[in-house]
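Note that the protein sequences, when read in sequence, are chains A and B.
Be aware that the first sequence starts at 1, since it is given in this note's numbering, and climbs by one per residue.
Be aware that the second sequence starts at 1, since it is given in this note's numbering, and climbs by one per residue.
Everything labelled a hint here was simulated from the structure, so no lab data went into it.
Some chain A residues judged to face chain B by a derived CB distance under 10 angstroms, without partners named: (1) 49; (2) 57; (3) 102.
Derived CB-CB ranges, DEER-like: (4) A:27 - B:267: 35 to 43 angstroms; (5) B:308 - A:114: 53 to 61 angstroms; (6) A:31 - B:242: 46 to 54 angstroms; (7) B:460 - A:39: 39 to 47 angstroms; (8) B:16 - A:114: 38 to 46 angstroms; (9) B:472 - A:31: 33 to 41 angstroms; (10) B:476 - A:114: 27 to 35 angstroms; (11) B:113 - A:68: 52 to 60 angstroms; (12) A:113 - B:416: 34 to 42 angstroms.
Each residue gets a CB set at the ideal place from its N, CA and C atoms; glycine is no exception.
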Amino acid sequence: MLFQNFFRREEITTHRFGRQRICGEDKYWVELPEHGEVEVCCRIQCIGDICPRPQLQTLKALTESPVDGVVEVITDNLSAVETIPAMMDGYAGKHLCTIREKDHWRLFVRRESTFTVI
Amino acid sequence: MMSANTASSRGSGQMSLFGHRGGHIALGLTAIVALISVILLMQDMRWVYLLVYVWFGIIYGLFLQYGRFCMASAIRDLFAVEVPRMAVGVMIATGLFSLIAGLVTVGGYSTFHPHPLGWHILFGGLIFGFGIIFTGGCASGSLYKAGEGNMSSMLVLVSISFSQALFADLGSWSNTFAPDSWTESALEKGMPDVLTVTDGWFDLFTAGYIWDLSGGTVAQALETGSDWIDVFIGNALIGAIIPSILILLILYVRVYRKGYMRRNKLLEPTMNDELRGLWGMMTASKNTALAGLGLGVFAGLHMWATGALREHYNIFNFGELLDSMGYSEGLSIQMTVFDPGYWYITTQEAQLGAWVMEKMGMDMMDNIFFGLMNGIPNPLINAPLLMSLGIIFGAAFLALVRREFKWKVPNAESATFALLGGALMGIGARLGMGCNVGAFFAAVTNGDLTGWIFLIGMLVGGYAGVVAFNRWMEWRAAGDEFDI
Chain A
1 MLFQNFFRRE EITTHRFGRQ RICGEDKYWV ELPEHGEVEV CCRIQCIGDI CPRPQLQTLK
61 ALTESPVDGV VEVITDNLSA VETIPAMMDG YAGKHLCTIR EKDHWRLFVR RESTFTVI
Chain B
1 MMSANTASSR GSGQMSLFGH RGGHIALGLT AIVALISVIL LMQDMRWVYL LVYVWFGIIY
61 GLFLQYGRFC MASAIRDLFA VEVPRMAVGV MIATGLFSLI AGLVTVGGYS TFHPHPLGWH
121 ILFGGLIFGF GIIFTGGCAS GSLYKAGEGN MSSMLVLVSI SFSQALFADL GSWSNTFAPD
181 SWTESALEKG MPDVLTVTDG WFDLFTAGYI WDLSGGTVAQ ALETGSDWID VFIGNALIGA
241 IIPSILILLI LYVRVYRKGY MRRNKLLEPT MNDELRGLWG MMTASKNTAL AGLGLGVFAG
301 LHMWATGALR EHYNIFNFGE LLDSMGYSEG LSIQMTVFDP GYWYITTQEA QLGAWVMEKM
361 GMDMMDNIFF GLMNGIPNPL INAPLLMSLG IIFGAAFLAL VRREFKWKVP NAESATFALL
421 GGALMGIGAR LGMGCNVGAF FAAVTNGDLT GWIFLIGMLV GGYAGVVAFN RWMEWRAAGD
481 EFDI
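Same shape as in the complex, but just chain A (with noise of 0.2 angstroms):
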């Protein structure tokens, strides 16, 4: 557990800057209530990005996924849980869950046909 749990760690270590988006190269797929298995196409780490850094680097990732391509963002800031969200229904893109880990949260949102590209 105490492996896991630094290994886990390690693997959202922010960077001092930028660095925080790793897209296209290795997709993965998760379990997601109510969806099932996800493909996600791109992550973003955001640990101990202040706002609006979380709300726009998602903007960025959906702009530059492909339709339904999903995207995971991971947050330690509680605004951007709850603004990524609400900010799915002007874009048109969708947000499938938002899950709790320990001390920071996973969002994943999808880019939909109708998704306003920024």
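Please build the complex by placing chain B on the supplied structure of chain A, with the hints as guidance.
Here is chain B on its own, set in the frame of chain A:
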């Protein structure tokens, strides 16, 4: 394949509110604050004046954290990602507070003083609005986020405190930036020599410019002879509720409606559809709306409680009470301290910065802001400052109970933004004579229209801040090989 279900169940377990470590800490801290309050009252019942600030601060902190209530969030989310939920919450709070403030005013317990009208309000709002985009929180937002363990917000508070203190006590070098008319006007005021009112830009700004301006409330302009009509039609309806409704309508039409129509596949919406959409926007974030409601009600009650205590003790300012209790150190030359009697954020932080600088050997009382008006009391007996600490405590309490408390150490970028943005917020707050709470929220809800001017400044500054923040992000991303 990674399973998100497992993570979900771990994070949102069905433990009771207080049946965990964070809950125990929250209860323990509350017991300590309650015990200190009781001890203070047993020592001298007059401490109740100070404790009213403390406990209302705690209530504000609870609501702010509950609704993530933040003016920076309202402006930033609107311009950056077109999410109006926080702006909606602020407008709801504004409308409600105006009604409660109206009752308090009619009851004769209002402690509010309108701000003088001038260009400084707009410029102050502009600088303040630009700063809050980079700090990630407004003055009150930074307090509640500090309570959540956000060290970046703590840096913002430090920066606001010292930037204000330094700005209010600018040295002789700054005199050249003040027009001669300010100097002449300041000299005519006949202020005591100890204040050196012609030395320092902020003193000249205050005595030579601000004091020559006038301000007032809508009620004072109406003067129909009926307090009820003046206050509720003038201050509340015209000064706060109608502008709030107009802003809500603009938010609906310009921001929310597009998504609402698309979601509900409405091509030719009826009036009922539009009303449902408007209601949907106002209730889209129940937490924010409830926080707005709670803040509006309690901000009014706070003003009433302080006003009632002033009447009870027959005082005009807390400084008189402190003096009678034997605490005269740090009082202004008028024997006053900063004592707004309602929700306020920035001036007490300036006092904290000035108090630290005084302890470091600097003379911070040779100016109008501290020496004549606000004093620099010991932080332990600075009632508004303890209200700010109460906000931090209230937010920490709820964050601990909700398992949302986390020490967050800022990275280099966030820390830099916190310090620079906080400094801009401090300067903007002093120029605009308050922050998003004192210069906007408390002002408009009491019929002082300068609050709307401050909001316009904040919106323009906020928009510029979002554009600048976007540019910064793009510039950083351009040099980042890991970014797409």
